[in-house]
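> Read off the chains here:
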Amino acid sequence: MPSLAYPVPTDLSPATVKNTASLFRIVTLALISGAAIASRLFSIINYESVIHEFDPWFNYRATRVLAAKGFYEFWNWFDPTAWYPLGRVVGGTVYPGLMATSGVIYYILQALNLPVDIRNICVLLAPGFSALTAWATYMFTKEMKNESAGLLAAAFIGIVPGYISRSVAGSYDNEAIAIFLLMFTFFLWIRALKQGSALYGTIAAVFYFYMVAAWGGYVFITNMIPVHALVLILMGRFSHRLYVAYCSWYAIGTLASMQVPFVGFQPVSTSEHMGALGVFGLLQIVAFIELVRSHVSSQNFQRLLRVFLVATGLLGASAFVFLTYNGKIAPWTGRFYSLWDTGYAKKYIPIIASVSEHQPTAWPSFFMDLQMLIFVFPAGVIMCFRELRDEHLFVIIYSVMASYFAGVMVRLMLTLTPVVCVASAIALSTLLETYINPVEPDAAVEVVEPKQTNGETTAAAAPSTPAGKKAKKPAAAAAAAPTSALSELVAVSSGKKTASSRGIFGLDTRIVVVLNTLWMLFFFVFHCTYVTSTAYSSPSVVLASQGPDGSQHIIDDFREAYYWLRQNTPEDAVVMSWWDYGYQIAGMADRPTLVDNNTWNNTHIATVGKAMSSSEENAYPILRKHDVDYVLVIFGGLIGYSGDDINKFLWMVRIAQGVWPDEIQESNYFTPRGEYRVDDNASKTMRESLMYKMSYYRFADLFGGNQAVDRVRNQQAPKNIELDYLDEAFTSENWIVRIYEVRKEDILGRDLKSANAFEKGKKRKRSKPITSRRRALAA
Amino acid sequence: MFSLRRWCLLALSLAGVLVDAKSSTGDSVLVVVDPAQQDNYSIFFNGLKDQGYELTFRSPKVEKPVIIEDNVSNFAHVILLAPEAKNLGKDITPQSIVELLSLKTNVVVALPTKQSPLHALAAEFSLILPPPGSPLISYSPKRDTPSTLIPISVEDHSSPVLTKHIRPVWFSGIPQALGNNPLLIPILRAPAESFASEVTVTSGSAEALVDAAEKGGEGLWAGSSLSAVTGFQATNGARITFVGGAEVFSDELAQKEAEQYVQSGNIDFVKEVAAWTFQENLVLRIEKVEHHLVNGTEPKETYTINDNVEFSAYISKWNPAKGEWQPYSGLKDLQLEFTMLDPFVRTALPPVNGAPGKYSTAFRAPDRHGVFKFVINHKRKGWSFLESSTTVPVVPPRHDGYPRFLSAAWPYYAGAISTSVAFFLFSTIWLAGEARDSKKGKAAKSE
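From first to last, the protein sequence lines are chains A and B.
Each residue of the first sequence is one higher than the one before, counting from 1 in UniProt numbering.
Each residue of the second sequence is one higher than the one before, counting from 1 in UniProt numbering.
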């Protein structure tokens, strides 16, 4: 018997240990699910059960249509109130997976006579799915290492802020269910690959279809799996298991994904999907070559192979180039280019760059979102290298790709988070296993022969160790690492010889390291809870501020203004605002909008940008042409709300400039010294722009003669702003939302500026009949 | 007391309804006139009363009755016949007159020769008045009246407002030069040989006038480009008429002979002007519009692209003699637009034979989805504007609304069917073959 660092019970039967372990696993998973759901409820407790932010409002509105009218009406839904007057074919431009999921849950609950409001289903969908994500991550990590690593990974993904940021209660967005689908599809892929199972490949394809229906980020899977397969082929690891798994996944998955109306023929016609198709073709070729090799002598085979490879390579590449040139295959989209060149979007597609979540990630946010996992993550990747089975390659590729993308775009942090959790869990569980393992190395000590022998239990009998199934298991060096602590325990207690030359001596080392790790884990939990409760639980529809005494003050200007619109304007009154607020206006005020967060038409957005950045006279024809009745602006100058329209204004200018470079120039909005100012030094174009006037109209009156100060920009606010073409209709309590009514044309055919001047009793310059002596004489 | 009088007047006017012309917007008229002058316009006023209008007189110095109360106009029509008054009362300012128009009250304004607030008012209507104290002057034809009292002969159909033949009209007052506002409708043009000048300048040759115009920087105030009486129809349908001088309405000029033994046309002329201004003549309205599929009858909430849509409008004209709206099929140039930002379809909307007042057309909806509007925008000088806009979304076909079983698609159908059949055959053969193999294997084992 090897010497033990601490006593372990020896009279347990392996069955008891196994049963207890699986009970513990189930309980732990249940607790993890509970923690995952509970930590996402901060937003409801702090605020209320409300849909958050912007996109969720559209999803919520679409779900209501789906729940009220049924799936076919939803599929054929043409929304005449969005993108007025272009309208939006919602059924064909939306990923319906999220709405369908909520709809199904809603119908099931209705069928069970549980009258749950559709809003509550929407609000609580993301926390519910986060529990499923934890389970999927557990399954995935189990394939990589073992159950204990899986449990760690599940616990990590359950509470890690990087994932919570997109899945708090009320954050009813595609990502809410997509991360679960992502992890589960990957798990099924790994399963299919390991077993060479067409069944698992097909199930993977089904979940891939669900993912396609749910989130545009499905392209990540579409490229991740082919890259994995390609790397396996290049490493000479081609096997029939790979062939069966990939082909069943690709064929069924692609056909299924084309059933989503929004995706349509993209899987066979756009560059993003060509990789998967190429690998599919390559697999056929490789399989064919394998077949030929088994029938032809090796010398002939070499020659044949060379000719064949060159020919097919050339053929494939030229076909791809030809089809792209002919427009049969769409070239890469701008969003794709901006993944490689972070400056690309700013130059060519400002509309993409203007979204804050498309900005490159700042370093602190990695720590904020992942805390200690970001340090442990590389260790886990290295662990994967040490073993390097097929599935470990997947984790390695995934981590490399996701790390890059997370660095390029903030929102892609979301795809990095699962792999960070998986790799960290592998690393940490290895660490813990090594240090909790009671067996001490026997290099210096004499081997004491075990007296009691059960004899039956062998390493092969150790339950559910994936490592045990593999023949390619590395040599003795890593023997302690891959087997789970519990099976080790079983092995030790049953007197198996696991003597090795490496290990940990003594209890003190163990205690120091384990306590240290536990402390880190504890602090991780603390950090996650803190970040979740403070940073990621704000609905952004309702804001909160703290008084000097710590009391919370709720700022509810958005809903106040939207309900004002709903109550006080005709139902077909068109509201113009910057596109950020389109979904909210449609969802809360139920009024037609010009542009919204579905930024599919750059010209239309640029039109709004132009109207906002032009002078009143120039903006008025645009407003009238689009039947605009109300203009809504967000102004944070009074209470210091920094996400207001003046701060977004330069993006409006840039986007408008992209379409009308002759009329709108960004440089005109800066002072001669190149500063972006709103006070008296602001440039003339800036001061005359509609957005500027609407923001600061009557603002100075609020200060009653004192100097008016804009608290966002810490500059003096302008005085004496006059509006001739708009009337102030509504300003919310904290001045965050200001709504202006567009005046109708003057009944006398004058321009509204002179009509206004007349109304105020100003004298008009005397005009004369246009004539000249010559014309008079000629007549 | 006052209301009693009003009731009496109302009763009187009701008695007159059967025979006389009526306005389409109401009968109450406020006349702002100096009481001393009131009798000078008795023919005009009595003519209005006979038509059934209910006149209320108000002196420029008196504040009552007010014209606008609580943002509602108290009168359907207003006549300002006190041009020489310094001001017309506290509540009658240029601003309030524009407000009257926005409340759809019609106004007749007699312009003064002297400087007055009405100059500022005229400027808002793109009318340019000559400098104060320069009335219209003409020395031709030779006559015994002062040079400022001019007989103006009226050609038939010279203005859409004048619907019948009118004998020459005596005019005394100031002309108006017209700006480029399309809402202006000149009713009575100044004679070609007339000009506006200070009365003291009696030499008045054309050359001298032009020189004076350029030196003085006042522009050329001469010729038939000037207007003596000008109408204006606001975009909301309210009408206002500027008359160069109040004398046009006076009894004196009404009875004065224009030529020997020919009575002047003033009575008819002011009647016509009042009839147009007070919404008796040339008043149209759209009763209703309807749209449906060519083969259907019910209006649809949405139309599908490429649908054949039928659009109809029912238009009536005010009949002042009978005092009622009557279907009117007389418009030959009515147009319909189907617009989304820009017109996608612009087509004639012709009257339908046998259906009075109905105008109808059918067209194919464009191959473009969006929120479209059926737009009628008919603006003709003198006539009331016809404007109508009906919003209707045009949507793409439903998922099961696309054409099926196209002959052009047969290669694809054949491909799908052949693949299915081949897969089925392959599976069958494969499974059958497998079974035989395994049997063989079993047999071999057993042996």
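FYI, nobody ran anything at the bench for these hints, they're computed from the structure.
Hints should not be assumed to be uniformly reliable.
[Stated by the list, open to error] Taking lysine-lysine and the DSSO-like style, the derived pairs with C-alpha atoms no more than 27 Å apart in a straight line are:
| # | chain 1 | residue 1 | chain 2 | residue 2 |
| --- | --- | --- | --- | --- |
| 1 | A | K625 | B | K114 |
| 2 | A | K760 | B | K300 |
| 3 | A | K753 | B | K90 |
| 4 | A | K760 | B | K104 |
| 5 | B | K300 | B | K104 |
| 6 | B | K381 | A | K625 |
| 7 | A | K625 | B | K104 |
| 8 | A | K760 | B | K379 |
> Between K760 of chain A and K379 of chain B, does the CA-CA distance stay at or below 27 Å?
The hint is violated at about 30 Å.
> Has the given pair, K760 of chain A with K300 of chain B, been kept, meaning a C-alpha gap of at most 27 Å?
violated (47 Å)
> Is K625 of chain A within 27 Å of K114 of chain B, Cα to Cα?
violated (43 Å)
> Hey, K381 of chain B versus K625 of chain A, does the alpha-carbon distance stay inside 27 Å?
holds (24 Å)
> For K300 of chain B and K104 of chain B, compute the direct alpha-carbon distance and say whether it is at most 27 Å.
Given that 27 Å is the threshold and the Cα spacing comes to 34 Å, the pair is violated.
> Between K625 of chain A and K104 of chain B, does the CA-CA distance stay at or below 27 Å?
Holds, because 25 Å separates the two Cα atoms, which is no more than 27 Å.
> With a cut-off of 27 Å on the C-alpha distance, tell me whether K753 of chain A and K90 of chain B pass.
The hint holds at about 25 Å.
> Keeping to a limit of 27 Å between CA atoms, is the pair of K760 of chain A and K104 of chain B held or broken?
Given pair K760 of chain A, K104 of chain B holds - Cα atoms ~21 Å apart, limit 27 Å.
Of the numbered hints stated above, those contradicted by the structure are hints 1, 2, 5, 8, listed in ascending order.
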